[in-house]
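**Q** Given next are the chains, with one letter for each unit.
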Amino acid sequence: MEQLKSLGRELAMGSQGGSSKEFLDLVKSIGEARSKSEEDRIILRELETLRRRLSDPDIPRRKMKEYLLRLAYAEMLGHDASFGYIHAVKMAHDDNIMLKRTGYLTVALFLDDGHDLIILIVNTIQKDLRSDNYLVVCAALVAVCKLINEETIPAVLPQVVELLNHPKEAVRKKAVMALHRFHQKSPSSVSHLVSNFRKRLCDNDPGVMGATLCPLFDLISDDASSYKDLVVSLVSILKQVAEKRLPTAYDYHHMPAPFIQIKLLKILALLGSGDKQASNHMYAVLTEIFRKCESSSNIGNAILYECVCCVSSIYPNPKVLDAAIEATSKFLKSESHNLKYMGIDALGRLIRINPDIAEEHQLAVIDCLEDPDDTLKRKTFELLYKMTKSTNVEVIVDRMIDYMINITDNHYKTEIASRCVELAEQFAPSNQWFIQIMNKVFEHAGDLVNPRVAHNLMRLIAEGFGEDDEGADTQLRSSAVASYLRILGEPKLPSLFLQVICWVLGEYGTADGRHSASYIVGKLCDVAEAHSSDDTVKAYAVSAIMKIFAFELAAGRKVEMLPECQTLIDEVLASHSTDLQQRAYEFQALLALSPQAIENVMPPDASCEDIEIETSLPFLSNYINQAIENGARPYISESERLGTVNTITPASASHYQQDPAHSLRFEAYELPKPRAPPPSIQPSSTSSLPTISSDLVPVSEATYTTREEQHNPKVQTLADQISAEIGVRLKLEGVQKKWGQQTYSSPSAPSTSSSSTQKATNGMVTSDTIRQSSLDSRKQQIPEVSAEKQRLAASLFGKKAAERKTQGSTRRPAKESQHAVATSAPEPPEEKVVVPAVPPPDLLDLNEPSETATPTIDPFKQLEGLLGPAAGSDVASAPSPSVGAVKTPDLMSMFTDTPSIVDSKSSDKGVVSSTIAKKGPNVKEALQKDATARQVGVTPSGNNPNLFKDLLG
Amino acid sequence: MIHFVILINRQGKVRLTKWYSTYSQKERSKVLKELSGMVLSRGPKLCNFIDWKGYKIVYRRYASLYFCMCIDKEDNELEVLEIIHHFVEILDRYFGSVCELDLIFNFHKAYYILDEVLIAGELQEPSKKTIARLIAAQDSLVETAKEQAGSISNIISQATK
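Chains as they are written, first to last, in full-length UniProt numbering: chain A, 1 to 953; chain B, 1 to 161.
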């Protein structure tokens, strides 16, 4: 009987794509796992089982199919199933379509286009692209999109191009999309196929035509000028689509083929950009769409938004622009956050054409800025960033910084910090303000700021603003020093900021005579002490101390050495960092010099002056001559020396030659291998050469100099001996270098750049008490909306707006009350159609359920008899398991986010049943769910009895 | 372009993932973790978009299940929101009042359907009818293939083995 049952289940699973009890149990146990670690344990055990089973040489193919699905499941949950990849590749090669599809599915889920196994699947794909069965071709094309990489494109390209003329539209469509993918991976591979795309644009099937827009969009965004002739035909396509000429199957929520319309609008935006003639063709159709599009549905708004984007991109036309402005203001006035977001974005595009447009919506913008929704807030900051002028820069940057302080998302923090810096650099009203802003940015996002910004700041303080007014510069510097001395009291400061502070204090700390040298030195010592693990900050601090001492001594004043300073120097003298050590020794040496010499070494405020370098070092010639007379060997220039080096360590020598070209190399050196000279040299070379070279080959670069000295005489003579052969040798060098260069040069460029990009280390949020208090006061002010907002509006949108505001202040309350009416009344007024965030459920075809809910022939009806009535009723009435989630009545009917959605733990019978009651009992549906529950084949665990019972009614 | 599609439920359990851009297994786990944290913690009235590392996440909740898609900065968010809905409608049509359970136990079928809706990170077919027809064709093909491969005697021999 037991066996019969499992047989029955097996049969039932037939319609489930062959999943077995084991698989269902796996899914079920994962669903019931209480924690991530429990889930991980289950999956790891499962993977162990699968690994064991897969090692069996003859697995029935049906079993294999299921194993692969189980692997895919494990992989989906984030575990490594790479041991099974090869089986997926093999299965894709199977002749049975069912297995082949599973093979392709799992291969596409497992592998990326860079995987080693791709090369094995190419052959299968080639074969399947030629198949007579169009479904096989489709499966292969889906795999092509995911798996074919730049190297393997040529292997399938001719076949894919051929498929563009396939009789089945599904195949043509996928072939077009495959070519689109190829263009993304290697643009040159499809550039010659433009004529094919143009032909497909006139395809009979709208789906194919729609798909063709994807590669066309790519090509046109690369180079719009050579596709201008398409404008007329694209406009006419758009017109026809908007006039509902396409089959109704392409309608979506009563809009004619909206996805195609959006794609077309995107392309037209590219083609009409800055082109008056092309834009002329578009105005009519754009006006038409603006007129026809209903803004009551989400998709209608999507089209309207795309129209606005298009209008803002093409050559402006007042009539269309007005329509776009109107659409935008509808977005902004909407209650839905989504639409507000789109409205802010659209506004950001439109103000590029006419900055005054923003004025009308200032209150909406400020509302969005103060909205608790982070996404909306960020979008608004983007808008503010676009509309920054020298008149409103202070307000905007202040706002941005306030926001920046309170976020933890490093990626966005970096972005907003760099925007603040950019705006401040561009529009700064005064130097003091600029330095203040920079201080705040560094203080709160220091580690995320590009180091370049720090250098700019230092240079600005050193150079002043380029004006000749020395007094202003001095004032700027002393205000900078004063602010830095204050900031140093903060507990945690980012490294980059400390470097700036140290540098400025060192250069200008004592310049205005307000602070004593020992005070500044003491502060610098504190910095070094507090950041003893940060060598860079320490180095800056030591150098700054050195400068202070130098300036004081040069001015003839006596400086007493503070005890903490002495400890610092002593500690640094013994530091492991040679850089730090050197600075400390230099400092010591400097102290011993005469004031005259010190002034020459460290002239005050000379950071901007160029240092002239005497490259030939003439003052050393006496010393050299003396040494040569005493028997030292003359200096051998680098190129000559390389000749001798070559005989010792060929590998390192070749790097030497490359080094000037590529300053830094990040790759490991190739393994030194004993170099066998080519046979052509062997007979002619002296017998000692090969032995010596093979002897010394493994010498590493660091030790080679000393070795060279030891072996020098020998090598020298050797070099002389074989100078004739060096020609041959050098040629060989060249060959090796060529290989070396090819492998090293290309990757070295990106790696240098990546090393210079700033690290996104954890930004630290410092609690600034002053700031906090000002924030608090702002928060308190928020409730009394109008005054605060008005002020903000005035400062953001300029004087003109402020005047308008004062005039229209009587108008505003009226508007607000209207607002209030709109919110209080459940029925939105006709002229102001409020679009809900999610469309109401009736957007779904209402007659649909009756079609789909009719169960097809249910295999379980027959089975019930087989299993016995007891078993059948057991399944039907028994409490059902929680499979990790509530089996909520119906996804589609629930997407309005009613609060009645409960998670499985807290689900309560009353709530669930109430939702069902609302929905109304549906016998057919209930029956079908019953069937599903049984199909699933999971034995009810009694864990969560309410859920299924309710559903089954 | 859509970079990935992720389905997670309210408890943060992953129901479906499909990656159209290259992500290593490690990156994938990281993305999933970050994403579920962000999406599940958002309130009901906020907008359905999230800024995320230079990309945008568009998500939509259906009963207990969140459908999330990651798109480029310049893409149209509302359109993607409707692409999600389009996908859900197709699932609904195929499964008949789709629920989370359907996706759990038929995740491979959900993948096949997704492959017909999206390809290479773009919407492939805007017509629900066409997709339904294609899926039905595939199913019937599989059905015939199965009849050939797995006659009842075959199954019995396997079951008793």
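Wrong hints could be hidden among the right ones.
[To be verified] Below, a list of computed lysine-lysine pairs in the DSS-like style, where the Cα atoms sit at most 30 Å apart:
{"id": "1", "chain 1": "A", "residue 1": "Lys-90", "chain 2": "A", "residue 2": "Lys-199"}
{"id": "2", "chain 1": "B", "residue 1": "Lys-146", "chain 2": "A", "residue 2": "Lys-63"}
{"id": "3", "chain 1": "B", "residue 1": "Lys-128", "chain 2": "A", "residue 2": "Lys-239"}
Quick caveat, the hints were computed from the structure, so don't treat them as lab data. This one's a predicted model, so the numbers in the text were calculated from it and none came from an experiment.
**Q** Decide if the proposed pair is consistent with the structure: B/Lys-146 and A/Lys-63, CA atoms, cutoff 30 Å inclusive.
**A** OK: B/Lys-146 and A/Lys-63 at ~13 Å, within 30 Å.
**Q** Take a quick look at whether B/Lys-128 and A/Lys-239 sit within 30 Å of each other, Cα to Cα.
**A** 22 Å, holds
**Q** Is it true that the CA of A/Lys-90 sits at most 30 Å from the CA of A/Lys-199?
**A** Violated, at about 37 Å.
Violated hint: 1 only; the structure is consistent with all others.
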